[in-house]
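Build the full structure now, drawing on both the sequences and the hints.
Chains as they are written, first to last, in my numbering: chain Z, 1 to 415; chain Y, 1 to 415.
All the pointers check out, no bait thrown in.
PhoX-like, lysine-lysine: derived pairs with alpha carbons at most 20 Å apart:
| id | chain 1 | residue 1 | chain 2 | residue 2 |
| --- | --- | --- | --- | --- |
| 1 | Y | K111 | Y | K79 |
| 2 | Y | K86 | Z | K86 |
| 3 | Y | K95 | Z | K79 |
| 4 | Y | K95 | Y | K131 |
| 5 | Y | K95 | Z | K86 |
| 6 | Z | K123 | Z | K86 |
| 7 | Z | K95 | Y | K79 |
| 8 | Y | K86 | Z | K95 |
| 9 | Z | K111 | Z | K295 |
| 10 | Y | K287 | Y | K214 |
Derived by calculation from the structure, the hints in this document are not laboratory data.
2 protein chains.
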Amino acid sequence: MLLPSQGQLEKYAELALRTGVNLQENQKLMINSTVEGAPFTRIVARKAYEMGAEDVHIVWADDELTRLRYEYADVETLKEVPDWQKDMFSYFGEKGAAILSIRSTDPDLLKGIDAGKVAAATKARSEAMTKFRDFTMNDRIQWSIVSIPIPAWAQKIFPEESEDNAVEKLWEQIFSIVRVDREDPVAAWEEHNQTLIQAKQFLNKKKYSKLIYKAPGTDLEVELPNNHIWKGGASQTVEGKVPFNPNMPTEEVFTAPHKYGVNGHVSSTKPLNYGGNVIDNFTLTFKDGKVVDYKAEEGEETLKHLLDTDEGSSRLGEMALVPHESPISQSGLIFYNTLYDENASCHLALGKAYPNNVEGGSDMSEDELDQSGVNHSLSHVDFMMGSDELDIDGVLEDGTTEPVMRKGSWALSFE
Amino acid sequence: MLLPSQGQLEKYAELALRTGVNLQENQKLMINSTVEGAPFTRIVARKAYEMGAEDVHIVWADDELTRLRYEYADVETLKEVPDWQKDMFSYFGEKGAAILSIRSTDPDLLKGIDAGKVAAATKARSEAMTKFRDFTMNDRIQWSIVSIPIPAWAQKIFPEESEDNAVEKLWEQIFSIVRVDREDPVAAWEEHNQTLIQAKQFLNKKKYSKLIYKAPGTDLEVELPNNHIWKGGASQTVEGKVPFNPNMPTEEVFTAPHKYGVNGHVSSTKPLNYGGNVIDNFTLTFKDGKVVDYKAEEGEETLKHLLDTDEGSSRLGEMALVPHESPISQSGLIFYNTLYDENASCHLALGKAYPNNVEGGSDMSEDELDQSGVNHSLSHVDFMMGSDELDIDGVLEDGTTEPVMRKGSWALSFE
Numbered sequence: 001m002l003l004p005s006q007g008q009l010e011k012y013a014e015l016a017l018r019t020g021v022n023l024q025e026n027q028k029l030m031i032n033s034t035v036e037g038a039p040f041t042r043i044v045a046r047k048a049y050e051m052g053a054e055d056v057h058i059v060w061a062d063d064e065l066t067r068l069r070y071e072y073a074d075v076e077t078l079k080e081v082p083d084w085q086k087d088m089f090s091y092f093g094e095k096g097a098a099i100l101s102i103r104s105t106d107p108d109l110l111k112g113i114d115a116g117k118v119a120a121a122t123k124a125r126s127e128a129m130t131k132f133r134d135f136t137m138n139d140r141i142q143w144s145i146v147s148i149p150i151p152a153w154a155q156k157i158f159p160e161e162s163e164d165n166a167v168e169k170l171w172e173q174i175f176s177i178v179r180v181d182r183e184d185p186v187a188a189w190e191e192h193n194q195t196l197i198q199a200k201q202f203l204n205k206k207k208y209s210k211l212i213y214k215a216p217g218t219d220l221e222v223e224l225p226n227n228h229i230w231k232g233g234a235s236q237t238v239e240g241k242v243p244f245n246p247n248m249p250t251e252e253v254f255t256a257p258h259k260y261g262v263n264g265h266v267s268s269t270k271p272l273n274y275g276g277n278v279i280d281n282f283t284l285t286f287k288d289g290k291v292v293d294y295k296a297e298e299g300e301e302t303l304k305h306l307l308d309t310d311e312g313s314s315r316l317g318e319m320a321l322v323p324h325e326s327p328i329s330q331s332g333l334i335f336y337n338t339l340y341d342e343n344a345s346c347h348l349a350l351g352k353a354y355p356n357n358v359e360g361g362s363d364m365s366e367d368e369l370d371q372s373g374v375n376h377s378l379s380h381v382d383f384m385m386g387s388d389e390l391d392i393d394g395v396l397e398d399g400t401t402e403p404v405m406r407k408g409s410w411a412l413s414f415e
Numbered sequence: 001m002l003l004p005s006q007g008q009l010e011k012y013a014e015l016a017l018r019t020g021v022n023l024q025e026n027q028k029l030m031i032n033s034t035v036e037g038a039p040f041t042r043i044v045a046r047k048a049y050e051m052g053a054e055d056v057h058i059v060w061a062d063d064e065l066t067r068l069r070y071e072y073a074d075v076e077t078l079k080e081v082p083d084w085q086k087d088m089f090s091y092f093g094e095k096g097a098a099i100l101s102i103r104s105t106d107p108d109l110l111k112g113i114d115a116g117k118v119a120a121a122t123k124a125r126s127e128a129m130t131k132f133r134d135f136t137m138n139d140r141i142q143w144s145i146v147s148i149p150i151p152a153w154a155q156k157i158f159p160e161e162s163e164d165n166a167v168e169k170l171w172e173q174i175f176s177i178v179r180v181d182r183e184d185p186v187a188a189w190e191e192h193n194q195t196l197i198q199a200k201q202f203l204n205k206k207k208y209s210k211l212i213y214k215a216p217g218t219d220l221e222v223e224l225p226n227n228h229i230w231k232g233g234a235s236q237t238v239e240g241k242v243p244f245n246p247n248m249p250t251e252e253v254f255t256a257p258h259k260y261g262v263n264g265h266v267s268s269t270k271p272l273n274y275g276g277n278v279i280d281n282f283t284l285t286f287k288d289g290k291v292v293d294y295k296a297e298e299g300e301e302t303l304k305h306l307l308d309t310d311e312g313s314s315r316l317g318e319m320a321l322v323p324h325e326s327p328i329s330q331s332g333l334i335f336y337n338t339l340y341d342e343n344a345s346c347h348l349a350l351g352k353a354y355p356n357n358v359e360g361g362s363d364m365s366e367d368e369l370d371q372s373g374v375n376h377s378l379s380h381v382d383f384m385m386g387s388d389e390l391d392i393d394g395v396l397e398d399g400t401t402e403p404v405m406r407k408g409s410w411a412l413s414f415e
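Set out below in structure tokens:
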């Protein structure tokens, strides 16, 4: 597989370790990687040790074997998650390890596999990961997700190109979007994060009680919990206050919608890659926070199973604002990869909300979170509904309304 | 990396699954594989599913990351084996999975790493694997080890060749030695196993009380436990009586030496690859079963640590007879890989004995095994001491002596 220069790969590795998980000396690092991604993962591991990592452990997965397993194993087998697997992830959480996911996903990996089988397995795995998810979703540990090209993904984005050319073009896009092509990517990220911090601070002062989304196919009112908090840019760990960037790239500011306060309908604007299948051109209708109707031109069966995962998977867990001028959006590409597409577009997530999107959320019980309007679910799946035709109004505490976004761009000035 | 034809690889995969672990329908399969070995491992996994495997789980390792870890992590970290790792292996034992190890080892992987560090880590891992080792060494599950080339290994054997040529030559050797090049490799194995069965049956009737080894640098008397059993060819699981071949290739018949009954000295005839380091041209002196002196031209420090692992690691756990005409021996190659070199040469093993090499051994307590002369240790390391200059005499129960091997060849006729 074609790889960029060693120098560029090392710059990316260093960025993922410093700006992404912000690896500390004598800290353990767990990396999720595919076998196909091994050449880059090895560079990251070496760099981590050079930075003083106590230990680096790789949890390997392999796309071809994953697909084989879905083809051949029965649903009961696919639902088995042995205790040692749960314990493995919890172990790294308990040891305060930094967790880096190096994703390289074929958007069509599970195309043609029975959607019910995939849904059952995904749900079982999500249940098994409950304890570990508490570490990441509450910022108890440093974690980050980055992506690297593989041919199957690259050719989904650039279907006209040869395998090598497609991979090369995708590396270029990634390096540009994640600022690896800057002279000092770490500094570029600090500067970039400042703009997100400005936006979230501004929105936190506004204390909107509701946002109203309008676009072709979308007319949606979303209430916000009292004491909601907009987040964006770097996160920090609850105890050690170690800053880290959970997503690279990130262009969003986001908060939790009120789980019982969503009404209207919303249409997707980009395909959603969920569990190895693509869901595209879909519309969700909400009543009092819950999806009461849905349709999809592609992947409707997969969408149905996603919504049916549990009580919370048909409610919203995140609302994120991304201006249409974002560099990813400007690339004009559809990445079939949520990490990229969500940062090109305003989006919402079905499923679990981040507890820290309300004041004191990470110390709340499930009941308290529910009373605050913070959704709970095994799943958390972002979908894109932003475009240059999206207008958003914000309703202030006194009931007056003001424009938040117009034609996909900020209608507010944060200065 | 250069690969043989798909057809040959599939034949090898099928042989490993049918003749090696003898995978049963609806059985789980665990595969140990390196990331470098992924192309072949994927073929094995697909074939396993086609044969009706319930589930295939790969435990991946990566040579480069293993080496990095030894270079950078401190010894305390290297000694850590989290519970989930032990539980992972035990899980597959308890589920009655078949265990296939697909080895591709760089003989010099850990060259230059402090031998004490390697020894401490190896010992800790061996301790952690105690429960799992009970499954394999007592034939409670079907298990098998096969090897595939990687450039670092191939070029150690063929140092004059280019990387591609060396790998190609090693594939050819492997396919010839493991009989993949026969029209029906499974049938060829059945036939081959018959000759090993003849030999072991013959030796079991002989009930030698002692074997006496003589060769340049070797003059060793090895007592055998009462009720020792020679094994060779296919093993079978204790409960289900499912036949399987733990090693591919295998050319040996073997039994347990008496742990307190070894006297004299023995010199190695081939290099020993132990934990990523090579030990070569070494001599061990035994008194009452225990190594009381040793020297090695290469890797003496590694040998020292091996002998110091625990009380049993300086006593013998296996004596194996392999005629010098074995196809591996005839190749004239040194493989720097125990699986191959041990099957070209009479050998002994330091460390744990297979309990089933004495009558009823797998049901014996540790004390009972000790009283029977069956060695216990965390380690089990074969070393080669056979050659065309080796003579072996057998002492019968009545005290008379007869030739067992002369100049490395059988002096007995099994017909």
